[in-house]
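Just need the whole structure built from these sequences, with the hints factored in.
Residues 1 to 332 in the UniProt record's numbering are what the sequence shown lists, from first letter to last.
Please note that a few of the clues may not be correct.
What the hints assert, rightly or not - The list that follows gives simulated cross-link-like pairs (lysine-lysine, DSS-like), each with its CA atoms no further than 27 Å apart:
hint, residue 1, residue 2
1, K309, K182
2, K119, K231
3, K231, K182
Hints were generated in silico from the structure; no laboratory data involved.
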Amino acid sequence: MDVVDFTPEPEQYAWTFGGVPPTHRIEPGTLLRLWTDDAFCGRLRDVTDLPSASLNMPYVNPQTGPFHVEGAEPGDTLALHIVDLTPARGWGASTTIPLFGGLTGTDRTALLQEPLPEKTWIYEVNSDRGTVEFAAQSTDLTLELPFAPMLGTVGVAPAAGEARSSLVPDVFGGNMDTPEMKPGVTCYLGVNVDGGLFSVGDGHYRQGEGESCGTAVEGAMHVTLLVDLIKGGGPAWPRIESDEYLTVIGSSRPLEDAWRASQVDMIRWLGELYGLDAMDGYQLVTQISESPLANVCDANYSAATKLAKSLLPTAAPYEAMHRSLRERAANL
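Below, the structure is given as structure tokens:
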């Protein structure tokens, strides 16, 4: 097994999907051991560090990559298996940013009220206990919250020569901010350009569904990934497989269109796996799907459609790929 260790220097960060040359060319089957910076580039370290004074906009949400996968061609499927996510710092940060978030007026939802105040929260990491600590600023309340690592951003280069901001989720993946992107899952992304050119970043030490205020517990991350390639079968939207669930992430505005995209591609996936026509798939998804939110604050919103695998028969090719990657990960 080829192994690549990579900690990018700041000048190597990718700020877009597409429009960036690859940092590495790798073979399918490669194990990547990566470091990713947090969405704030490590600039928020204290509750007195406010985004307006500390961040260098628009250079936020840096990505590690992109990686060119040899043999990947448009129409193929990249399989990215998240082996492990481990905090790379002893703290994470979250903020409220004026005119950004799910419960405030924004530039797209214009209101006469003043913007919500700008604030920063610092979460201390207790690696021995596997927790992060929430500390309220209005009272002395503190809460020890379980560490629940995820990658907010996983994506490939878009089609047609586009370059899209790392803040945007769309058909190529990107900043989906779904808690489903966690250790043990395999993410399937459709290849749009030769090599796929995938990048990852935006580590979250934990995040609730919806990412209400617009920022999770943002933290630098040690990321271990297994990369493989399925010839053909490129999905319309990012798909995620765990031992327990099949999940599709759709991204759009308004939110119901993001949900619709995830539902429609799940129906397509059932057709590919079991030969169901659209109407049978529509009926089955209606009765067994779960629909957690991913984000309701990015340039596009993201919604998930999940189906419990316990309700479905085993099917190739995805189940075979996920199982193979899980077995390889277990033997590392």
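Now for the hints, and whether the structure bears them out:
Using a Cα cut-off of 27 Å, the hinted pair K309 and K182 holds, with the two alpha carbons roughly 17 Å apart. With a CA separation close to 47 Å, the supplied pair K119 and K231 exceeds the 27 Å bound. Pair hint K231 plus K182 holds up; C-alpha atoms about 25 Å apart against a cutoff of 27 Å.
Hint check: a violation occurs at hint 2 only; the rest are consistent with the structure.
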